[in-house]
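Participant: Here is what each chain is made of, one letter per residue.
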Amino acid sequence: MSPEFTPVLSTLGGALIGASASAMLLLEGRVAGISGIVGGLFTPKAGDIGWRLAFLGGLVLAGVGATVLSPASLAVEVVRAPWMLVVAGLFVGVGTRLGNGCTSGHGVCGLSRMSPRSLASVVTFMAVGAVVAVAVGQLTGGAS
Amino acid sequence: MKSILLSLAVGIVFGVGLLLSGMTQPAKVVNFLDVLGDWDPSLGFVMGGAIAVHFLAYRLVPRLAKPAWAERWALPTRRDIDIRLLVGAVLFGAGWGLGGYCPGPALTSVVAGASSTLIFTGSMLAGMWGFSVWEAARVAR
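Protein sequences, first through last, are from chains A and B.
So for the first sequence, the numbering used here puts the first residue at 80; every next one is plus one.
So for the second sequence, the numbering used here puts the first residue at 175; every next one is plus one.
Just so you know, these hints were derived from the structure itself, not from any lab.
Glycine is no exception: its CB is placed at the ideal position from the N, C-alpha and C atoms.
Where hints are given, some of them may not hold.
[Claimed, not checked] Derived DSBU-like pairs: lysine-lysine, alpha-carbon spacing no greater than 35 Å straight-line:
1) B:Lys-176 x A:Lys-124
2) A:Lys-124 x B:Lys-240
3) B:Lys-176 x B:Lys-240
[To be verified] Short, incomplete list of chain A residues facing chain B, as computed with Cβ under 10 Å:
4) Ile-113
5) Trp-130
6) Val-158
7) Val-166
8) Gly-178
9) Cys-181
10) Val-207
11) Ala-209
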């Protein structure tokens, strides 16, 4: 097992993600699915842009804070050729829009809602993610 | 304005959660998915913590007549499993396993300015934009 295992911080961070999604549900009646929130910006409707930009601005602001307070939490440490990053980004961008969600929308929100659609999505993307990560790990000798 | 400030605050909490949890470190994500490597089960705890909180919210909140600060619910209602869902999940999983970022952490990390984060996030946004263009053209046909 990795020496980097962080069960307490990861559970706390997860609980904050869950609290944020719950606030979105209680206050706005919406699902806190990141890919859906971003995707809506590419098919803009009147009155449906501001809250999306504000939420995403909050995500970025948290990152700005981290560059000062905790740069290690933004460490990349995964060596991938630029073409691999281009392919990975395209797959994540197209895949999350085609499949209507990512780790937040299908993972956190969908599983909490006990949606069969989300369960199918999560099982699929976890399994494929594991196969790809294992394959790349075997070919390159690990993440870093 | 109220809704904008609320969304900003909710986004900040979400981002802090991602940062604390380790989701913004692609090496942790890859080490979670690469079960034959230096396995790091942390991200399972992220999902566990998030669902523990949100599952409870989902049992209680939708009993309200409407959301606190909006006129109506805007929640997904589809329950069918179609080919688009599965192909999308396959593509997303492959990109996640390869790059180590899902959409939220990519956006939170972009301000650190690492070239690999910038390439991944730019490509991800281009993919989302390209999908919208393709989808609009498909619907128009």
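Participant: Looking back at the hints listed earlier, which ones does the structure fail to meet?
Facilitator: none
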